[in-house]
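K.L.:
For reference, the chains in residue letters:
Number of protein chains: 2
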Amino acid sequence: MRIGFIGLGIMGRPMAKNLLRAGYSLVVYDKTAPVSDVLSLGAEGAASNREVASRCDIIITMLPNSPDVYEAVLGVDGIAFGARDGSILVDMSSIAPAVSRAISGELQTRGVAMLDAPVSGGQPKAVDGTLAIMVGGDPAVFESVRPILEKMGSSVTLIGPVGSGNTAKLANQIIVALNIAAISEAFVLSTRAGLDPEVVFTAIKDGLAGSTVMNVKVPSILDGNFEPGFRIQLHIKDLVNAVDTAHDLGVPVPLTDHVLETLRELEREGLGAADHSAIIRYYEELAHTEVRRRHP
Amino acid sequence: MRIGFIGLGIMGRPMAKNLLRAGYSLVVYDKTAPVSDVLSLGAEGAASNREVASRCDIIITMLPNSPDVYEAVLGVDGIAFGARDGSILVDMSSIAPAVSRAISGELQTRGVAMLDAPVSGGQPKAVDGTLAIMVGGDPAVFESVRPILEKMGSSVTLIGPVGSGNTAKLANQIIVALNIAAISEAFVLSTRAGLDPEVVFTAIKDGLAGSTVMNVKVPSILDGNFEPGFRIQLHIKDLVNAVDTAHDLGVPVPLTDHVLETLRELEREGLGAADHSAIIRYYEELAHTEVRRRHP
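Chains as they are written, first to last, in numbering that gives the first Met the number 0: chain V, 0 to 295; chain L, 0 to 295.
Hints may contain errors.
Straight-line C-alpha distance at most 30 Å; calculated DSSO-like pairs for lysine-lysine [to be verified]: (1) V:Lys236 to V:Lys150; (2) V:Lys236 to L:Lys204; (3) V:Lys150 to V:Lys30; (4) V:Lys30 to L:Lys204; (5) V:Lys150 to L:Lys204; (6) V:Lys204 to L:Lys236; (7) V:Lys204 to V:Lys30; (8) L:Lys236 to L:Lys30; (9) V:Lys204 to L:Lys30; (10) L:Lys150 to L:Lys236; (11) L:Lys30 to L:Lys204.
Calculated from the structure, these hints are not laboratory results.
Go ahead and model the full structure; you've got the sequences and the hints to work with.
P.N.:
So, in C-alpha cells, the structure goes:
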C-alpha cells in the first residue's frame, strides 16, 4: 500500500517524515515547496495532485485553507481526476466544515471516500508524532486508516460524520485564542500593577487558571519571543471559519468575534506572521496608549 | 503559639480543620455560622474579632469581600483593637488590592504586620490542603508564617508587597472566567453543529486547548450540574475588583468587561448562587433565542 502526501509545509513535512520512519511507502507532492529532504528519506516524487492520487490507495492532504483543498481535489489535475475507485482521501488541513462536506459529496460520486482529520498541537507535536487528530467520516473508513493516523498523533478521535473533525477543530481554535487573550488581559494588568509576571506565572499555573496555553506560551512571551509556532494569519483563517459556522447555525460567539478583531488589528500592524501569543502585544499597546492619554 | 481563625465559610472551615489536624491551637470566630464542629476538633471559641486577636499571635481571616475584612479589622470590636504589638494578620480573603494596602497601613501604625494571602482552587482543594496561596507582604513576615500556610496549600508563593497577593488573584480570576467563557462558546457551537460534547472533550483536552478549567468544569457541565464550586456572585465580586483595579491603572480589559456582564446577566436571572460554569447557560440561551428568531 502506498500513501500519497500532498502539502509539505511547516506541519505536513514532519508528519510525512513520521510516516516514512514508520515504514510506509510515500508519494509526495507540493505545489511550491522543495521536497528533496523527504525524497532522501525514501519517498517518491510526483508532478501533480492527480498523479499522486493515481498512484496511491490513500491520499493525505495538509494544506492551508478551504480554497487550497478545493483546488487540490477538484481543480485542474486534481485528486478527484486521478483517484481510483475505492481509494480514500484523508484531508488533515484545517478548513471550513461546510467545504469538507461539499468536497466529500463530490468525491462520493466518484467512489472515493473522504475523512476530514484536522490536527492540533503545532509543529513540535507534528515532529514528535503526538498531534491530537480530530476525525470526521464513516467509522469503517476511519478504522481502516487509524493505524496510519496513529503514527502522526497520540490522540486520534472519530468525532462524527464528515465535517465533524473540522467543527471540533474550530471549537479547539476558539478556546486556544480566548485562552491566549485571557492570559494577556491578566498578565498585562498584573505587570502594570508592578508584579513580576514570572512570579505570577509560578503562583497561578497549578491552580484553576492553569492551561496548556499558559504553560506553552507564557515562557516564550516572557522571553519576548513571538516566533511561530502558530501564525496569527492562520488563526485568523480558523476564526473566520468559526464565526461563519457560528453565524450559519445561529450561535452568538461574542468573545470569539472580539479576539478575531484583535488578531486582524495585529495583522494590520504587520504581525500576521508572528505567533498567536502576540495577542498580548495588542493589550500592551492598549495599556500604553491609555496611560499616555492620562499622563500626556 | 495560638492561631486565630475568623470566617468559617465554605472555604475557611476546611482550612481551619487542616490547621487543627496539623496540631495547631486555634481560637475561632464566625459572625453568623455555627462553629461547633470545629470546637469538637479541639478549637477554642471566642465572642468577637477583638477577642480572637487579643488571645493569638497570628490571626487568619477568610471573609467574602473588602467591606467584610475592613469591618472585621477596623470595625467595632475589630481585630485592630485587640491585636498585640508584634502580632500578624494573614488575610486570606480575596479582596481589592487597594483595600489590602489601606488596612495594612492602619495596622502598621499599631505595630501589627499584615499579609494578604488569597487562595485559588476552590472547596475541594481547601479540604485537601492543596490550595494555591498567593501572598503579598514583607518577606520576613512571610517566612515566619509559611509553615502554617503550607498546611493549607500545596503552592505558597510570595508575590511582592502587601496587595500583590490579591492582584495575582485578580489575574487568576480573569483567566478562570475567560477560560470558562471560551469553553462555553466552543461547546455551544459544536453541540449546535450536531457534535457530541463528550467526544469533543475527549478529542481536544490533551491538545493546546486543554486547561484545568476544561478538565474540572466540562464533566459537571455535561451532567447538567451547576452546584458550586465557586458561586457566580463571588466571581462577580472578584471581576468588579479586577475591572476597578484595571481602570485605576489604565489597563483596558475588554473581554473581562464582557464576561463580567455575562455573570451579571446570570445573576439577574436568579443564578447568582450557581457555579460559575453556568456561564455556558448564558450562551445556550443566546443560541436558543437566535435560532427561534430565525425559525419562529
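K.L.:
Looking at the structure, which of the earlier hints fail to hold?
P.N.:
Violated hints: 4, 7, 9 and 11; rest satisfied.
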